[in-house]
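One line per chain: the protein sequences are A and B, in this order. The numbering used here runs 418 ahead of the 1-based position in the first sequence. The numbering used here runs 1 ahead of the 1-based position in the second sequence.
Bear in mind the hints are in silico, worked out from the structure with no lab data behind them. On a predicted model such as this, the values are computed, not experimentally measured, just so you know. One should not assume that every hint holds.
To be verified - List of simulated lysine-lysine pairs, DSS-like, C-alpha gap at most 25 Å:
1. B:K81 / B:K135
2. B:K135 / A:K438
3. A:K438 / A:K470
4. A:K494 / A:K436
5. A:K470 / A:K435
6. A:K474 / A:K436
7. B:K81 / A:K494
8. A:K438 / A:K494
9. B:K135 / A:K436
10. A:K438 / A:K474
11. A:K494 / A:K444
12. A:K444 / B:K135
13. A:K424 / A:K494
14. A:K436 / B:K81
15. A:K444 / A:K470
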Amino acid sequence: MTNEIKIFALSTCPYCKKTKRFLSEKGIDYEAVDVDLLTSSEQDDVLEEIEKLTGKRSFPVVIIGDEVIVGHNEDKLRQVLGL
Amino acid sequence: MTGQDERRVFCPVCSARFAPEGDLTEGDQVRCSICGQMLIVRACDNQWLGERRSMLSDDEIRDRVDGFAMIRGYGFNEMKEEIIDGLIGKRDAFGDFYCPCRLEQTPEYQCPCRPTRGGDVERDGRCHCGLFWKDSRER
Numbered sequence: 419m420t421n422e423i424k425i426f427a428l429s430t431c432p433y434c435k436k437t438k439r440f441l442s443e444k445g446i447d448y449e450a451v452d453v454d455l456l457t458s459s460e461q462d463d464v465l466e467e468i469e470k471l472t473g474k475r476s477f478p479v480v481i482i483g484d485e486v487i488v489g490h491n492e493d494k495l496r497q498v499l500g501l
Numbered sequence: 002m003t004g005q006d007e008r009r010v011f012c013p014v015c016s017a018r019f020a021p022e023g024d025l026t027e028g029d030q031v032r033c034s035i036c037g038q039m040l041i042v043r044a045c046d047n048q049w050l051g052e053r054r055s056m057l058s059d060d061e062i063r064d065r066v067d068g069f070a071m072i073r074g075y076g077f078n079e080m081k082e083e084i085i086d087g088l089i090g091k092r093d094a095f096g097d098f099y100c101p102c103r104l105e106q107t108p109e110y111q112c113p114c115r116p117t118r119g120g121d122v123e124r125d126g127r128c129h130c131g132l133f134w135k136d137s138r139e140r
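Only chain B is shown next, with the shape it has when bound in the complex (with noise of 0.2 Å):
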């Protein structure tokens, strides 16, 4: 691989592409530094395609929020467990982690859904749902 796509891998959380640190190796643990899901990295095509681990699992959706969570320096409130249970009731449903609060379920409406993605936080100082919020003190 050369030129930009070699650095860069392909989440399919978000749809995206992002640049990890350091080199990659077939088979390496990667978070997506956009939507914070952790990818096992798999070369395809010449180039870098994330695979979701523990895919569709509680353990994925809970460790994806904790990362997005980190990586934008959010935090939460005491409703995070009800809204992971509404994630988890989407993906029951609906066979994946859409966002609860909403009727739709479109990969744009992956948790963290692309306005959250997009800075929906930093402008309303929360999301949609109110999981992630810009200070965890407000309500």
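Pulled out of the complex, with its shape left as it was, chain A reads as follows (with noise of 0.2 Å):
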């Protein structure tokens, strides 16, 4: 697997968590952004790429190359990165 993972987070969401977690236990690396944790104006570009590839304000966004996987969903990140 040689796409670059970009993760959106929040620090305090339990989903975001999960997903980071799954992802480290299988060895994955990857780039997180908490985006609670930004300032302001970077917050706004952040959530401005967010709703343009989603949609909607939901957490945790993981980016693997093309695909787009909004939640923590297992299933989908194995399907994805062939595990």
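Build the complex: two chains, separate frames, hints provided.
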């Protein structure tokens, strides 16, 4: 798997933590952004990107290549990552 | 105090007035029938104001979510403790028990959030976070 993985998350969201934990346990590297901890202007930029990708503000958002997964979904992660 | 206001207590969590059972006396402890918060009743400017009991403590939010679930007949699942940890994280980072699964830190998203108080669980079977469930056996 060569695609870079990016996660938009909230620092307090238990499902975001589960997604990060799942990937870590599988030894998969990812870049995570806790959107709630960004400055207001950074947050605006990221939210615009999230809304473009998903049409809503729901977390976590996992981006793997062209795939966008909203919410904690281990089955979908396994499928996309070929686990 | 006279008229309708005589029986109603303002809840600072859900910003609404509710009518508890029985007569009210300064210092009484009552549970908000809308959000489940335990309040200490105070007389102020000819109305009853609720003061949050154990304000901002871990016990406050645990008691509130248990109280809300009891009032509505909702259940929890195995995510309860992780979601409560998230609520405590919100308090530590943003000052109050806002929904841990949303970005917004506004009164309408104090847990139980306004959509949940307004019937999301009846409609969807669960609240946005999956803390409150209409049927606790569902997941």
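Which hints from the list above does the structure break, by number from lowest to highest?
2, 12 and 15
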